[in-house]
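Trainee: Residue-level listing of the chains:
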Amino acid sequence: MNAIGAVTRTQLADAIKQAERDDAVRVVVLTGSGRAFCSGADVTEMAPGAGMRTPEDVGNVLRNEYMPMLMRLRTMPKPVIAAMNGPAVGIGASYALACDIRIATPEAYILEAFINIGLAPDGGVSWLLPRLAGTGIAYEMFFTGKPLQAADAHRLGVINRIVPAERLEDEVRDLANQLASQPRQAVAAAKRAVIHALTSTYEEAMEFESYLQEAQAASPEFAEGVQNFLARRAKK
Amino acid sequence: MIAAMGYEHILVEIEPPIATVTLNRPKVLNALSPAVIAEVSAALAELDADDSVRAVVLTGGAKVFAAGADIQDMADQGPVDQLLRDQTGRWAPLAGFKKPLIAAVNGYALGGGCEVALMCDLIVAGDTARFGQPEINLGIIPGAGGTQRWPRSAGKYVAMEVMLTGATLTAQRAYELGIANKVVPTEMTIGIAKRIARELAAKPPLAVRLAKEAVLKAFEGPLSEGLAVERKSFYFLFATEDQKEGMHAFLEKRKGVFKGR
Numbered sequence: 001m002n003a004i005g006a007v008t009r010t011q012l013a014d015a016i017k018q019a020e021r022d023d024a025v026r027v028v029v030l031t032g033s034g035r036a037f038c039s040g041a042d043v044t045e046m047a048p049g050a051g052m053r054t055p056e057d058v059g060n061v062l063r064n065e066y067m068p069m070l071m072r073l074r075t076m077p078k079p080v081i082a083a084m085n086g087p088a089v090g091i092g093a094s095y096a097l098a099c100d101i102r103i104a105t106p107e108a109y110i111l112e113a114f115i116n117i118g119l120a121p122d123g124g125v126s127w128l129l130p131r132l133a134g135t136g137i138a139y140e141m142f143f144t145g146k147p148l149q150a151a152d153a154h155r156l157g158v159i160n161r162i163v164p165a166e167r168l169e170d171e172v173r174d175l176a177n178q179l180a181s182q183p184r185q186a187v188a189a190a191k192r193a194v195i196h197a198l199t200s201t202y203e204e205a206m207e208f209e210s211y212l213q214e215a216q217a218a219s220p221e222f223a224e225g226v227q228n229f230l231a232r233r234a235k236k
Numbered sequence: 001m002i003a004a005m006g007y008e009h010i011l012v013e014i015e016p017p018i019a020t021v022t023l024n025r026p027k028v029l030n031a032l033s034p035a036v037i038a039e040v041s042a043a044l045a046e047l048d049a050d051d052s053v054r055a056v057v058l059t060g061g062a063k064v065f066a067a068g069a070d071i072q073d074m075a076d077q078g079p080v081d082q083l084l085r086d087q088t089g090r091w092a093p094l095a096g097f098k099k100p101l102i103a104a105v106n107g108y109a110l111g112g113g114c115e116v117a118l119m120c121d122l123i124v125a126g127d128t129a130r131f132g133q134p135e136i137n138l139g140i141i142p143g144a145g146g147t148q149r150w151p152r153s154a155g156k157y158v159a160m161e162v163m164l165t166g167a168t169l170t171a172q173r174a175y176e177l178g179i180a181n182k183v184v185p186t187e188m189t190i191g192i193a194k195r196i197a198r199e200l201a202a203k204p205p206l207a208v209r210l211a212k213e214a215v216l217k218a219f220e221g222p223l224s225e226g227l228a229v230e231r232k233s234f235y236f237l238f239a240t241e242d243q244k245e246g247m248h249a250f251l252e253k254r255k256g257v258f259k260g261r
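Respectively, the protein sequence lines represent chains A and B.
The first sequence begins at 1 in the numbering used here and counts up by one.
The second sequence begins at 1 in the numbering used here and counts up by one.
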């Protein structure tokens, strides 16, 4: 069920880093194979005597391993799409929610299962989920450990689109290709603007936008965009 | 634009009424060697004396501001070597620069690089900027004013955190602490710093100079001394042509033109 243990963590961190650095990569898709998107952290690792020996180890793994890769995923200057082929649980939900866009099958759900084993939310969901679903829904999920089903998540805007399982790969590929063909710097700028805005005031956000827009206005993408726009209008 | 000649490690562009000094050793992340410090100091001394220049931008370019000193070169030195070389004392022309000095910081401003930024009057940070004093990890402490300027700017507890942990602060955190005046998209940092420099260059130069002097006084000595400096500067400015021009322009609803007299 794609539980994340030490090995997966390292490999995933490397893959995310590589996806960010590789200039040939314009869009990143994160998905799970089989029935689940990701069932969360490998709990056996957290059992007494296993990989994480002390409570501090739990915190260290979050700070030193999950944090950098989730931050990279959320802030890399290219779109990141979660193709949610199934349940996203615990840290799995953290990955899904850290992506820019979520497309899910009807069988998918988001589950913050921490409470069920006496833990509190981690992996950034205390920040992400209230922003995506609203505080009330986030609290309910954290307090009850009950899943947010795909249909509800879609209604709340947490999931962008629901598509049948057999269509998921094609739909996601179509969207990824579409985003890959957009003006690259403008797409990155949109992402930078939103990331900046989420930690600033309305006024600061508008000022930051205005500078980003100056950089865009000076780019070949804008020159080309205007030219194409005028050519299209002339044809009409 | 005039590019000043004779420098090997820095670029000096003079676009009156502003100038830009760029640390230009990207291969070593603009490490601050004695030669770099000497060149920056020499350039600033020249720019302070150049009447066509009224404000200066100091930057490390698009990727990095300055990632500290040249460790390779310091590793096996003794205290006497350090004292005789007086690497940190040689920043005096920067700290004593009389015109507005604006740091345009992209990427790392670490160790000496961070201290240099803190010696400037305004800091424009690109969203990739990182500020820090990692000296502690090398068994030393900041030596170019860091231990004194951090607490005066960000307060004791932030200063302790920065000094004792060696951890870096993001541009956003620096902004919240009042260390950075603005956080801007990285590709715009230098352009915006230049824009601010031009804005300041259009202000009455004597008032700008005395305002800067008075603010810097706040970091030294008791309040009464600072207030005395402020008051005397305030009275003195009524002896300048720029004050007459400024106030009459205001009354006549036009923009003042200042000569620095």
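For the record, the hints were derived by calculation from the structure and aren't laboratory data.
A hint or two may mislead.
[Said to hold, decoys possible] Derived lysine to aspartate or glutamate pairs resembling DMTMM-like cross-links, with alpha carbons at most 25 Å apart: (1) B:Lys27 / A:Glu20; (2) B:Lys182 / A:Glu214; (3) A:Lys236 / A:Glu224.
Trainee: So which of the earlier hints does this model not fit?
Mentor: none
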